[in-house]
Each structure stands twice: as C-alpha cells, then as structure tokens.
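K.L.:
Each chain, letter by letter, is given below.
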Amino acid sequence: MAQMNIIQSVNSALDIILDKDPNVCIFGEDVGYFGGVFRCTDGLQAKYGKHRVFDSPLSEGGIVSTAIGMGINGLRPVAEIQFSDYIFPAFDQLTNELAKLRYRSGGEYWAPVTVRTPCGGGIRGGHYHSQSPEAYFTQTPGLKVVMPSNPYDTKGLLITSIEDDDPVIFFEPKRLYNGPFDGDHKKAALKWDTHPKGEVPEDYYSIPLGQAAIEREGSKVTVLTYGTMVHVAREAAESSGIDAEVIDLRSLVPLDIDTIESSVKKTGRCVIVHEAPRTSGFGGELSAQVQELCFYHLEAPIVRVTGWDTPFPHSLEWHYFPSQERVIEAMKKVMEH
Amino acid sequence: MSRKKTLHVPDAPFRPGDKPDFKNLDLPKAGEFEKPDVSVDPSEIQNLAFGLVRVLDDKHKAVGSWNPKLKPSVLKEGLRHMTLLRIFDDRMLTMQRQGKLSFYMKSLGEEAVAIAQGMALRPDDILFPSYRQPGLQFVRGRNLVDMICHCITNSKDNVKGRQMPVHYSWKEGNLVSISSPVGTQFPQAVGCAMASAYKGEDNVSISWLGDGTAAEGDFHYAINFASVFKAPVILNVVNNQWAISTHKNFSAGGSTFAARGIAYDLPSIRVDGNDFLALYSVTNWAAERARKGEGATFIEVFTYRAEAHSTSDDPTRYRPKDEWKAWPLGDPLERLKKHLIDLGEWSNADQKKLEKELDELVIKSYKEAEKYGTLNDGPWASEETLFEDVYKKPPRHLRKQRQELGI
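Going down the list, the protein sequences come from chains A and B. According to this note's numbering, the stretch in the first sequence is residues 1 to 337, in order. According to this note's numbering, the stretch in the second sequence is residues 338 to 744, in order.
It is possible that some hints are incorrect.
Below are the DSS-like pairs computed for lysine-lysine, each with C-alpha atoms no more than 27 angstroms apart in a straight line [stated by the list, open to error]:
id, chain 1, residue 1, chain 2, residue 2
1, B, Lys675, A, Lys333
2, B, Lys437, A, Lys20
3, A, Lys191, B, Lys372
4, A, Lys186, B, Lys437
5, A, Lys47, B, Lys662
6, A, Lys50, B, Lys342
7, A, Lys186, B, Lys708
8, B, Lys737, A, Lys50
9, A, Lys186, B, Lys493
10, A, Lys47, B, Lys437
11, A, Lys20, B, Lys341
12, B, Lys372, B, Lys356
13, B, Lys437, A, Lys187
14, A, Lys47, B, Lys658
15, A, Lys50, B, Lys708
16, A, Lys47, B, Lys356
17, A, Lys332, B, Lys737
18, A, Lys50, B, Lys341
Because the hints were derived from the structure by calculation, they are not lab data.
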C-alpha cells in the first residue's frame, strides 16, 4: 500500500494498464511531454514512448472522434478532455457516435474508449473551469458514467473503465485531486493522508462499475451523493450529529439501485446532493427512482441540495457551491416529518 | 517501401536542456513583398501566404510598399499603448502572486498584435478577441480602473464577478465578451460581419485565435462561412508557437497557417507579428478590402509567446527557458522604439520617462480600483446578481431558488 492523492492514483492506474495492455494508448491536450495540466500523466510518455502517450491538437471533437476510430480498429484509447467544461465540441461524437455505435451496427462494431475529464468547482475557476456536466451523458444510452470521490476508488474504477468494452465518461472532481474537501474553503486544505481511502495498493486491482459505497453508516436519513459532495455530506452529518447514511454512488450509469433502495427503506428519508444545477440534474432521476421503489417507506418528501440553475459564478462561488449548512438544513427538513 | 513501425507523433523543435536555434526559419527580408491593390483576386497573391510581410528592417527603418507611412504621433501612440500593456501586465502578475487576482495571462512579446491591429481599425469595427488581446482596450481608451476592477473581481467589475480575470467584455468599445473555450469567437465574428453586410453597414468584424486553436472545428466553420458569404471580416491566427505545452507542430502538419486560406479562396497573408508597422498595414489593407465589399481576409500573425500561457502554467517544464531570447523576430516594443529613435522622434530618456509615468498611472489606478473591493475580501457584485442575466427576466424557478438562498 502507498499514500496517494487522486492525481497519483490516476497515474498509477494508467501506468499499470499501459504496462498490461499494449493496445492502450493515452492522448489529449498537453498530456504527452508535459504530463497534463494536472500532472495526471506525468512521466508516462518517457516510460512508454511517444506513440503510446501523446499530445493531440486542440480539438475535443477531433480527440473523441479519432479515439472512436482507434477503438474500432482494436486499440483501447484513453482520451483526456482537459476540463469537462470543454467537452462540448465533442458532444456529437460522444452522444451520437460513441454511445450508439454498438447499437446501430447490430453489435458488429464498438469502441472501448474511456474519456477522462476533470469536473466540478471549488477552485475559483468561474463557469468555464467548474461545471459538472454528468447529466448530459447519463441521459445518453450507451455511455457509462463514473465519478469517484477518493484515490482508492479512482484507481480501481479507472482500471475497470479502461478494461470495459463499453465507452465510459470518467469524471474526476478536480477539487479533490490533492485532498478531501468538505466545503469549508476557509479551513486549511487537508491532504489525502487524513482519509482512509488515501491508502492505495500499488498493484493492479479493479472495482466493478455499478457498486455504490457506504461512506458513512446511519439510520435516520439516506444521503445520495457523488464526487466532491460526498465529503461535504459526510462532514455535514458529522458536524450536525444527524444519524445520516451517506452513500457514494461512484458510478451513475450503471447505478447501484439495490444499495439505494435498501438504505432508503431502512431510513425512510432521502436527501440528494450534487454540484450540478438542479433542473434535469441527475438528482431528478435519483428522486424518481427512489419514489418508484420506496414510496410506502418514505416518511418525508425527498429533498435535493444542488447547484443553482445559473452558470457557475466566479466571485460568488461559495454562494453557489452546495455547503454543509445547506445539506444540514435539508436533512433537518426531512427529519421534521 | 514499408511504413514506419509505429504511429508518427511530432515533437517540438526544442525541449528543456536544448539550445534553441531558429536559423532554419526561412525569414524573408523587410520590404520583400509588394502590397497589392485591395481588390486583388486572391489567386494572384498566394505568395503572401508562404512569405512574411515585414516593414521594419534590421536597421530599424521602415521599407517597402507595405510601409503605412504613419505620422510620428501615431507611432508614439502605439509605443505608449505597448509600454502601458507591458507595465500593466507586470503589475497584474505581481498582484496575482500576492493573491489579489485568481488568475492572469500576459501578452509579453505579442503586444504589437492587438495594439497595431486595433489602431488600424475604426471605433465602430467589432472586436472578437481571444484572451490575449487586452491591448485593444487601451487603443479604444478604456478606463484602466474599470479593467482592474474586472481583474480583481470586485463590486465594480462590469461582468459582475462571473468570469475569471482577463475575460473582458466592453460593449461601449465594441469588444465582445471573451470566452475560455478557445476559438468559439471566430465563427461568431463571421456572423457579426454577415449581419453588417445584411444591414448595409460598412463596419467590419475582426477576430483572433491561436495556432493551437486553429485545430478546433470553429476555426474551419469560420473560414468557410467567411469565404462563402464574402463576409466583411478579418480572421487572424496568432501563431505564437505554443498552446500551453503544445507546440504548433501539433496543430498543423507542415506549411503555414496562412496557406489554409488559399483553399478557401481568401486573400491569405502571413505577417511579422513583432513588427508594428507591418501589422498595422496588413490590417488596414484587410479592413479597406472588407469595406469595399470584397470580403474576408485571413491573416497569420507570426510571433512568439514569451511568457507562460497563464499563471497556472510553468513553461520551463516543456521548452528551453531562453527560447524567446533566441526568437529571431525580436521584441516588438523594442523594435518600434528603435524605429522612433532612428527617426529622431524619441530617445531612451523619453522611454524611461514614459515608463515612469505609466507605472505611476497603473499604481494609481490599482489603488483606485481597490476602493471598490477585492477578490478575497469583497465587496463583490451583490448576492442577488447570482440569479440575474441567466435570462432577461428571472423565471419563477430562479426567483424561488434565490429565496432558498435567503437573499
């Protein structure tokens, strides 16, 4: 075991998979010689060669479309989109091509592409370096959508995603790269060595997609969340003393509905927390499924805590970013019933 | 014949530890290319896409038919703007290092681009810059305090604290809001120009993007629409060699960027981006052509990004530290200054005096701007502005969310 942050755990997963499978190649903007603007691919080009880890033209549509072509012809490309805010020039290739290739060819063709992309706010990045666009992709049949919240899960889930024969959009919450973040920006930043999942095996391991993790056990209210908000929600439960069960979904598609269902049936209450805007956010889908499966067990209406339906602001970032206070307020609201 | 054993991947010419040497660059002499009539058929000037329009020669004299023959007062104005931009950038960088700005991007080595090109236009021409043409605002007389209020994201930031620093918007100066996603402004400028033509107005639109961004789809949409509709637009690729760590060899395989315009039947001109006079002249030519209804011009501005991409970047990791010093086209500010000295219109003492004056102006403006708040301590744009301008009027769900936040 080693202490790793998320940057190092991404690097370790890529290192292992490059070594294991000669058909894996990694490309994207600044990922080659430089090693990525967040250093996730640092040292990999020097170790595996220019043709396996390389810089691409600045063209997100070009990156995803050529990755599809490579995937059709036997490679297993891992493409990086530098910020998920910049994924949209590739939207057509992701949603109409990558997602539908297997289906439209009657199963004859597919492309095992993994798209890694940093997402989320909390870094003073304004609306072009802070977005959480996962719901555009969870609504696209054919794509798997993953968002880990710690170094251990990141490595195991990334290895699984790359080895998966279906395309995966792998969101990396960038506010978590260097340490867990509980939403309190005034507090000194914590490192991953303060969190049990900062311990990461150096060797190969995988975590199946579609399995949620219970971040904190509790019996009075279930909090469904993923990404950076896992830490905000956990600390909200800790600091308020509310007996909340915090579930880290880890993968949104496929979704571990069994874990969700049994938790909500146990607690009878459900709060959903995500950074992305509310309208048509993934929380809407979660809310609908919980209602369908747990209606007779619910003691209170489901409450969502989300980003507002505005672009992600720069100076008013902390008015937008869902805070522990808002999560506590939501938990109290459902507990009143 | 057999192919190489594996995929070809290009590289930058020099990496850290290498000694940069640009002697293989084929640099035409100043004055080598003739200035054509603005109504010329693009097919007759294809040589300009492979050459390099230069006016200032190695002895700091203005030569050849592209010499715009500007009055000394205009040259001095250009020098003043360029000097101000350099001082402004240095001050903002210092304040960023002190935590007063969340982010900054400098124009070092590229000051002539926005300033010479901006000065060659009319105030009603519409600007669609990338994030590396802040100098346009000096040309059009924007108040420094307003620029700084945006950069330090305080209560007087005209974009209400919604964007990162240097993402200016300035309606009064016809400068359209800058976006971080690169290249998006290029086809928008074409559309804007199409609207001018549609309305029978004779203003032009102009846009800039970088060599790296010339790989985005938006670049190709723009150049094609501009050609098809003969839009009164000037499209500039600022080839400064580097897109963060990505060398221009990853953006284009061989040839020049300007050469791409030939296939679209656009006049395509490669210009020395460190030569104030050449930039002014080429831009003026393109604007005149557009005003006459002859359509778009495509320009490759050949220069070098002397600074880091942004304050989030460390270029010593991917290029030689002294690469800019080896760049054969020199420092644009020094070149214009030496030209003015050669004309007997300026001296090093004048320059020192100017620098002192502008430094004081920037410091004074900074202090004034801080009165309206700072990024860290506020005040910022008020909390309710979070929900404004998403739509023209906030719909019910946004009004409700605003109440939820308690404001």
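K.L.:
Are the hints correct? Go through all of them and say.
P.N.:
Each hint tested on the structure:
1. B/Lys675 - A/Lys333: 72 angstroms, violated
2. B/Lys437 - A/Lys20: 47 angstroms, violated
3. A/Lys191 - B/Lys372: 62 angstroms, violated
4. A/Lys186 - B/Lys437: At roughly 16 angstroms apart (the allowed maximum being 27 angstroms), B/Lys437 and A/Lys186 satisfy the hint.
5. A/Lys47 - B/Lys662: The given pair, whose Cα atoms are some 32 angstroms apart, is violated under the 27 angstroms limit.
6. A/Lys50 - B/Lys342: Judged against 27 angstroms, a Cα distance of about 13 angstroms means the pair holds.
7. A/Lys186 - B/Lys708: 24 angstroms, holds
8. B/Lys737 - A/Lys50: 53 angstroms, violated
9. A/Lys186 - B/Lys493: 24 angstroms, holds
10. A/Lys47 - B/Lys437: 39 angstroms, violated
11. A/Lys20 - B/Lys341: Holds. A/Lys20 to B/Lys341 sits at ~24 angstroms (cutoff 27 angstroms).
12. B/Lys372 - B/Lys356: Not OK: B/Lys372 and B/Lys356 at ~37 angstroms, beyond 27 angstroms, violated.
13. B/Lys437 - A/Lys187: 19 angstroms, holds
14. A/Lys47 - B/Lys658: 24 angstroms, holds
15. A/Lys50 - B/Lys708: With a Cα-Cα distance of about 52 angstroms, the restraint between A/Lys50 and B/Lys708 is violated, given a limit of 27 angstroms.
16. A/Lys47 - B/Lys356: Status holds; Cα separation ~24 angstroms.
17. A/Lys332 - B/Lys737: 20 angstroms, holds
18. A/Lys50 - B/Lys341: Holds: A/Lys50 and B/Lys341 sit about 14 angstroms apart, inside 27 angstroms.
Of the numbered hints listed earlier, those contradicted by the structure are 1, 2, 3, 5, 8, 10, 12 and 15.
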